[in-house]
Amino acid sequence: MSWIIFAVVFWLAMWALNVRLAYGKQTRLVKVVVPVLFGVTLLVLWEGLVRGFSVSPILLPPPSMIAARFASSLPTLWEDFVQTFIKGALTGYIIGCSAAFLTAIAIDRSDFLKRGLLPIGNFVAALPIIGMAPILVMWFGFDWQSKAAVVVIMVFFPMLVNTVAGLSAKNAIQTDLMSTYGASYWQSLFKLGLPAAMPFIFNGLKICTTLALIGAIVAEFFGSPIRGMGFRISTEVGRLSLDMVWAEITVAALAGSAFYGVMALIEKAVTFWHPSQRN
Amino acid sequence: MTKLWHNAAPVLTILALLMALWYGAAVALNAAWAKDKAARADTLLTFSELVSDTMSQEKPLLPAPHQVVKEIYKTTVLKKVTSKRSLIWHGWITLSATLLGFAFGTTLGILLAVGIVYSRAMDMSVMPWVITSQTIPILAVAPMIIVVLNAVGVSGLLPKAIISMYLSFFPVVVGMVKGLRAPDQMQLDQMRTWNASKSTSFWKLRLPRSMPYLFASLKIGIAASLVGAIVGELPTGAVAGLGARLLAGSYYGQTIQIWSALICAAILAASLVAIIGMIEKVTLRKMGMLP
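Just so you know, the protein sequences line up as chains A and B, in that order.
Count the first sequence with our numbering and you get residues 185 to 463, in order.
Count the second sequence with our numbering and you get residues 15 to 305, in order.
Isolated chain B, as found in the complex (with noise of 0.2 Å):
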C-alpha cells in the first residue's frame, strides 16, 4: 500500500496542478469575452461573476474541465450509440480503422524483420529505407492515399488503415529487427549442437526470444495507428471518426466538441497500450520471463 503511495502520489500531485493550471488558463482566456458582453449589456461583472462566466461559455477559447466531461457524459452516455452525435459510433469507426492498419503494420513489420534477419541483401538494401521512410511526413501524405483510393473506389475503412500501417509497422520492423537477434552466439551454438534445422531454431529460440521486444514495439504501434486513423479522417470530409469530430468542430469553432474528441481520443490510446500491456505480461508470465 505504501509502495503503492509512494508511485501514485508525485503523478496525483502534478495532475492537480496541471488542472488548477486549466482551470486557471480558461477564467485568463475566456475572461475577454465575458467582460465584452457585459460591457455591451452596461453591467460590471463582480469577480466571481466574471469566474462563472468564463466556465459556463458556448463557445469558450478553453473550455473549462468540467464542461468537456459533461460533453462527454452527454455524447457518449445520453446518446444511442447509433446516433451520428454519439462519441461513442465516431471512436468505434476510428477504432477499427486503427485495429485493422494496426494489424496490417504488425504482420508487414514481423515478416520483413525475419526477411532482413535472414537476408543478408535484404538487411542491406531495405533497412536504411525502412528508416528513411520514417523521416518522410507520411501524415502529410495522407489526404492523397485517401482521395486517390477514393477515386479508385476503395474507400471507407481501408484507406485510413493503410495510413495506420505506415505508422505502425516501422516500431515493429525495427523491435522484431533486435529481439530477433537477441539470442547470444552461446544459444545459438546450442541449437546448432541440436542439430536444429534453420526453422526449428526460429521457432524454438529466436522467435520467444524476442517476445519482450515485440511487445514494447507493439505499444508504441498502436499508438502511432491511432494517430494515423485519425489524421486519416481530416481530408475525408469530416464525415465520420473522431478525425472528424475534431475539424468539423474547427470549421464551427465549437470548442468543447474538439476538446471532447480529443480526450476520447487520448482515453482510447491509453486503454489500448494498457490493453497491449496486459497481454504482454499474462504472455511472458506464461513463458516464464517474468517472475
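Just chain A, with the same shape it has in the complex (with noise of 0.2 Å):
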C-alpha cells in the first residue's frame, strides 16, 4: 500500500512541479528539464504500482528488474543488436534509401514517369509491406539478407516519394536564374536542386529509420537464426521471460531513438538555413 501512496503522491509533486516550470522562464534547461521529470515519474509510477498491487512478473516487470536483466544479460543484446540492427536494420536502410533516392532522381527529369509514378508509390507507403516479410524470408533465407530485404522494401516508397516531392521544391524564379547562368543540368542538380530538396529528403530519411527498425525486427518472426531481437522477443515471450523481452524492447528504443536523433543532427547541420531550423 505504501508503494501506491509514494507513487501516487511523487506523480502529484512532479507534476506540480511541471507546471511551475512550464509557465515559469523558458530557459534552455526548462525545456529539457520538464519532459525528462515527465519520464522519470512514468518510471516511478510504474515501479510503485507494480510493486503496491503485487502484479506478477510475468505479467509486467517493475523497472528495477528490467535494468537488472539489461545489466547481466549484456553479451547476448549485443549479439541481437549486432544481427538485427546492424547487418539487418542498418544495411536495408542504407541500400533501401539509396536505390529510392536515385530513382527519383532519375524519374525527376521525365514528367510522365513522375505523375505515373507518384500515385502509385503514395497508394504503396499505404499498403501493410510488412506482410511481404515471410515471401522474403522464403527468398533469402534465414539469415539477414531477408531482413535487409524486407528493410528495402519497406523504406524504398516513403522516400521516393519524399525525394521526389523534394525535387520539385525549387521555385520557377530559381531555375530560370539558373539557366540565365548557363548552368548545365547537373549543375543545377547539385546546386540548387538537391539542396532544396535537402528538408524532404531528411523528412523521408527520419520517417525510414522507425520503419527500418520495425522491418528487420518482424522480419525475424518469420524465421531466423537464433540470434536477433526479433528471435528473442518472441522467443522469450514463449518462456514468459517478460523482463529479458522488455530488456530488448529498451534496446529497440534506445537503437530507435539513437537512429532518428543521428538523422535529425545531420539534418540540422546540412539544412541550417531552412525556417524549420531557426529561432
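Wrong hints could be hidden among the right ones.
[As the list claims (entries may be wrong)] When the alpha-carbon atoms are kept at most 25 Å apart in a straight line, the in silico DSS-like pairs for lysine-lysine are as follows:
(1) B:LYS192 <-> A:LYS215
(2) A:LYS375 <-> A:LYS390
(3) A:LYS298 <-> B:LYS192
(4) B:LYS233 <-> B:LYS295
(5) B:LYS233 <-> A:LYS298
(6) A:LYS390 <-> B:LYS233
(7) A:LYS452 <-> B:LYS192
In case anyone wonders, no lab produced these hints; they're calculated from the structure.
Relying on the hints, combine the two individually framed chains into one complex.
Shown next as C-alpha cells:
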C-alpha cells in the first residue's frame, strides 16, 4: 500500500513542479528538464504500482527488474543488436534509401514517369508492406539478408515519394536564374535541386529510421537464426521471461531513438538555412 | 475527359510495366523448379512449355498474377462467408480489430491534442514522449502484448485493437495539434472581441479549423491501424485473420495463399483510405471549406 501512496504522491508532486516550470521562465534547461521529469515520473509510477498491487513479474516486471536483467545480459543483447540492427536494418536502410534517392533523380527528369509513379508510390506507402516479410524470408533465407531485403522494400517508397516531392520544391524564379547562368543539368541539380530538396529528403530519412527497425525485427518472426532482437522477443515471450523481452525492447527503443536523433542532427547541420531550423 | 486521361495514362503505363515485370520475374524465378522437374522426368522443355509450367506451379517461388487472382476469386466468391477458408471471413476479423483500434487511437489522439494545445505543462512534458514513442518499434512488442493480455484473460479483438491504437494515435496527435493551432491571431482576437468563452472558441473556431488536418491524419492512421492488426495476428498462432493467413502460408510454403492475403490486405487498406477520403470531401464541402 505504501508503494502506491508513494507513487501517487510522487506523481502529483512532479506534476505540480512541471506546471510551475512550464509557466515560469523558458530557459533551455527548463525545456529539457520538464520532459525528463515526466519520463522519470512515469517510471516511478510504474515501479510503485507494480510493487503496490504486487503484479506478477510474468505479466509486467517493474523497471528495476528490467534494468537488472539488462545489465546482466549485455553480451546477448549486443549480439542481437549487431544481428538485427547493424546487419539487417542498417544495411537495408542504406541500400533502400540510396536506391530510392537515385530512382527519384532518374524519374525527376520525366514528367510522365513522375505523374505515373507518384500516385503508385503514395498508394504503396500506405500498404501493409510488412506482409511481404514471409515471402522475402522464403527467397533470401533465414539470415540477415532477408531482413535487409524487407527493410529495403519498406523504406523504398516513403523515401521515393519524399525525394520526388523535394526535387520539385525549387521555384520557377530559381530555375530561371540557373538557366540565365547557363548552368548544365548536373550543375543546377547539385547547386539548386538537391539543396532545395534536403528538408524533404531528411523528412523521408527520418520516417524510414523507424520503418527500418520495425521491418528488421518483424521479419525475424518469420524465421531467423538463433540470434536477433525479433527472435529473442518471440522466444522469450514463449518462455514467459518478460524481463528479457523488456530489456530487448529497451535496446530497440534506444537504438531507434539514437538512429532518429543522428538523422535529426545531420539534418540540422545540412539544412541550417531552412525556417524550421532557425529560431 | 482529356484531363482524366492526362492523369490516368502515366499511372496505367507504370502499372502495365509492373505487371510485365511481375510476369517476367515469375518466369525467371520459377524456371529452376520447372527445369528440375523436367530433368527428373527425362524430358526436354520447349520454351513455351517452360513458360506455361512456371505459370501453373502448385507452390511457385513467385506466383503469376492470374494465379493470385484465381485464388482470391476461389476464396472469396466461391467459398461461403462463414467458412474458415474464406478470405472475406479472415478479412472481416482483421477489419474489425482495425476499426476498433482506429476508433480508440483517434479518440486518444484528439484528447491528447486538446490537452497539449490548452495546457502548456502538458505540451512541454508529453509532446517529446509522444514523438519518442514512435521511435520504439511497437510492432516488435506486439507478441508480448498479445501473450500478456491473453494470460490476464483478455483475448480476441482487444489486444489487436490496442496495437492498432498505438500505431494510429500518433498521426492524429501531431495533425490535431497543428490543426487546433491553425487559427491565426486575427481570428483568435475576433473571438475575444465577441467575448467568447474558451469552450465557445474551441467549438466554433479551433475545431472546425482543424478538420482538414484531422482528415489528413486519419488517412495515415487507418493505414497504420491495419498494419497493426495484421502484425497483431501473427503471435496468436495463426488462428484467424489476414495476418494468420500470411503466417500459415509461410509455414506451409503456400505462396499463392500468402500473395492472396497480401493483395486482400492491400485492397482493404486502399478502400479504407478511399472511404475516409470520401467522408473528408463531403464534410469539408458541407463546412464550405471546399469549392
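A:LYS390 and B:LYS233: Cα distance at most 25 Å? holds (20 Å)
Quick one, are B:LYS192 and A:LYS215 close enough, alpha carbons at most 25 Å? Given pair B:LYS192, A:LYS215 holds - Cα atoms ~20 Å apart, limit 25 Å.
Pair hint B:LYS233 and B:LYS295, alpha-carbon separation not exceeding 25 Å: holds (13 Å)
Tell me if the straight-line CA distance from A:LYS298 to B:LYS192 falls inside 25 Å. Violated, at about 29 Å.
Is the straight-line distance between the alpha-carbon of A:LYS452 and that of B:LYS192 25 Å or less? The hint holds at about 22 Å.
Please verify whether A:LYS375 and A:LYS390 have alpha carbons no more than 25 Å apart. holds (23 Å)
Under the criterion that the straight-line Cα-Cα distance not exceed 25 Å, is the pair B:LYS233, A:LYS298 satisfied? This hinted pair holds, its Cα atoms lying about 23 Å apart.
When each numbered hint is compared with the structure, a violation occurs for hint 3 only.
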